[in-house]
Each structure stands twice: as structure tokens, then as C-alpha cells.
Amino acid sequence: MTVCDLFDSPDIELYFYHELDARERGRVDAHLRGCAACRQRLDDLRAIRRALASRPVVDAPPAGDWSGFMRRLDAAIAADTTAPGAASVSPRVATPRRGWSLRPALALAAMLALVTIGVAIAARYRTTPAPASVIESASQAPAQTPASELKADPDRSLKVGTAEHLERSKLVVLGLATRDPQHTTAADWQYERQLAGNLLTDTRLYRLQAQDRGMTDVARVMRDLETVLIEASMADKPDRGTLERVQRLITKRDLVVKMQVVASSAGL
Amino acid sequence: MNVGHRETADSDLVALAAAGDGAAFHALVERHRAMVYRLAYQFAGNHHDAEDITQDVFIKVYRSLERFRYDAQLTSWLYRIVMNACIDHKRRQSPAGWAPFTEEAELRMVNTPEERPGPEEQTYGGQLGEVLQSEIARLPPGQRLVFTMRHHEGLKLSEIASALDLAEGTVKRQLHAAVHRLRGALTSARVTTGGRA
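Top to bottom, those sequences are chains A and B.
Each residue of the first sequence is one higher than the one before, counting from 1 in this note's numbering.
Each residue of the second sequence is one higher than the one before, counting from 1 in this note's numbering.
You may find that some hints are simply not true.
To be verified - Cβ pair distances, simulated, as ranges:
#1 Gln127(B) x Cys4(A): 29 to 35 Å
#2 Arg23(A) x Gln127(B): 38 to 44 Å
#3 Arg92(B) x Arg50(A): 31 to 37 Å
#4 Glu7(B) x Ala76(A): 26 to 32 Å
For the record, the hints were derived by calculation from the structure and aren't laboratory data.
Where is the CB? At the ideal position from N, CA and C, for every residue including glycine.
One chain only, chain A, in its complex shape:
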């Protein structure tokens, strides 16, 4: 290739991409008329454009299916605690999508009913009187409980942890209990499974700790919760029968009420 004035400059690319002003463009036009090497450079650019234009444009996951991506993004954002206002923006919490629009209202209604029922029948499920320390601290929020107090009283620490875990689990169980089997999509089911799976390990640990310490009520409710979570998280098909089976388990074991009672006993 003959070396010319423009050989090492980007002018031919800028000419090709229409990045030169009129005066510069005229200058390059004049040069091209007398320079075969630069005309070849320009032809190369046209060949590159033609060749790349023949390549498929990839602007979506395989088969154009964004559902998996959107679920993973939702989960990542729901777990993201670094963002300002994370709790309010998270689609998991605030987005009325994929048929979730009624869920908060249903959950709230169910919660109100359960609190009332739970208080009324708490005594039935309490086989032993609550320890005085728990009663005294029943009005305290867990965050207000001094760390030193929890450290000094492992049972109290376990109860507070139990109550917090049950509080987290309650919305998941309510979500499963109130979902309409006839209008549950594969994406919804995947989301429920993921939530259930995330709670499973902690539930098991709390059950084992409660058993070790002889906290029978806590161990029982954790065992029932664990059973429901296993059933929900292991099911890989969004079939109506599976969801109905999970819902029957929740109802048969009176799970939501038990969770409410045990959480209340622990001081939440």
C-alpha cells in the first residue's frame, strides 16, 4: 500500500462515518480522487459494514425469552440493601405485576384477621406460661433489645430470632395460602419457590435449636413451616395440584395462626 498524507490519520474513517465538516470532507474527496490506497481503505470499510450487516443482531436472551432475566433482576434488586429507598422501590415489595396487585390487600386483610384471632386463642397454644422476661419485654421491638441482654439470655435471643424469622416467613406463607391455583403462572410459581427455598435453611436451624432447648411450641411450628416450605420449594411444576396440596398443608396445620401465636409469645 502506498504511503500517503492520510495513511496514519483517522480521516478516512471519519469520512466514512460522516464525522467531517463540509470543508474537511471536500479535502478528503479531493485526496481520494488521486489516491488508490485510500480508496481501497474506504472500500475496506464498506466491505466491513456489509459483512457485519449480515450478522444476526443479538439483543435478547436465547429465544427472546426475558422472563428468567427479569426474575433474576427482581431477586437481585429485592436483595439489594445498598440502594436508597430499596425497600420501597423493590418490585418484590411495591410492583403490582404478574397478577400480584391483590396480594398486598389480601395479605393485609389476612393479617388483621389473624392478629385478632391469634390474640383470642393464644392461650390454647401456650402449653406453658411465658417466662417473665418475655412478658416484660413483649412490648419491645427486637431492634430495641440490648445486645448484652440477648447475649446473657440465649433463650431470649432465640425467641427474638424466632419471632423475626416467623414474621419474614408469614408473608410468604400468606402468599401461598391466598394464591389462586387457576391463575398462577410459571413465573409466579418460580418466584414463590425461590422465596420458600430462601427461608428453608433458617427454618431448619431454628427448629433444631428449639428442640435442643426444649422449646416445644417453637420447634413444632418450625417443623410445620419447614414441611410447607419443602413442599413448595421442591415442586418444579406450576401445576394446580401442587399449589392446592401446599394450601391444604397450611390450612390443616393451622400454620398461619400458630406462627402468629408463637411470634407474639416471643415478643413481637
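We have chain A; now place chain B onto it with these hints.
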């Protein structure tokens, strides 16, 4: 999907999302995910990494909603985030690591080609586009992004410079270097195939 926000302007969606409207954030993602994915795929060359980069981009968008300047174009803002996500992705893959995207880091990238098979090492079946695509994947990340944004996305060099917060002269040099490499691949392919390309 998100029909309610179909006509809502980007800047309004950002404001709504920043105020806690999850549906508005979803609408933003759905509106721009194809562009982000296209750039990410051009950069990464495979679906797995493209998806990772795309997810990183939208998580960063989510975290930065309150810092969006409403007089700016959302796409310019996104390009910058995509660019940084691509560099972050490269940094995670590279044992040597990468500095944040600065002029200094960009200069390093200019001179650091990817270690992938060149066109002469590939089985060539007469698909010039495939050879060039492969060469694009071997470009240093800075050149690859600038070429992709100019050639595939059709952005003016001034827009790329603005989006990437680089001097326009730097962007020109990146483009020039990228085209030089691609022209070399084109020549090699022609020699390999006896001029069929």
C-alpha cells in the same frame, strides 16, 4: 406488559421509579433492555456474560435513580453505565484487574488485546462477517466499545465522548485503532480465501 407506562417519558419513569414505583422501574427496564443487551453481547460475545452485564447495568441504574440529571438523555446515561459495567465485567475476569474507566485505564486498554484465536487461526468457511465478529471480540475493550457504539448503535463520536466522559480525540483514536485491526483481519481473510471474501 406495563401498558400503563407505554407513553410515559423516560425522565418521568425515572422520577416515578425513584419515588418507589416498581412498575415504572420495570417499564424502564423493558424499554431499554434490548439496547443494553445488544451492547453487552457485542462486548462479551456470549449470552451468559451479556446477561450478567445487562443485569449489572439495571442494578446500577436502580441504585442511581436519585442521581439522574433530568436535563440529560437517559440513553447517554445508560451508555455510560453499560460502558462501566462492561469494564467491571472485564476486570472481574482479568487476573490483573482494571482501574475504573479513566483516560489512563483507557490507554491501557488500547494496547491490551484480548487473547482469543485470530482469524488466521480459525477454520474459515467463507463467512467474512464471522471473521470480523471474532476480531471485534479480540479488540481491547475500549476499542470494542467505541466501535460498537459507532458502528452498531450509530452514535456520533461526540455523543460517544459525552456518554463515556472521554475526550473526542481519544474516541477518534479508539475508532481508528479498531478499524485498523478490522481492516487487517479483512486482508488476512482475503489472503486465506484467495480473495473470495
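Comparing the hints with the structure gives:
At roughly 32 Å, the beta-carbon separation of Gln127(B) and Cys4(A) lies within the given 29 to 35 Å, and the hint holds. Between Arg23(A) and Gln127(B) the Cβ separation comes to about 40 Å, which falls inside the hinted range of 38 to 44 Å. Checked against the given bound of 31 to 37 Å, the beta carbons of Arg92(B) and Arg50(A), roughly 35 Å apart, stay inside it. Our hint of 26 to 32 Å for Glu7(B) and Ala76(A) holds, since their Cβ atoms are close to 28 Å apart.
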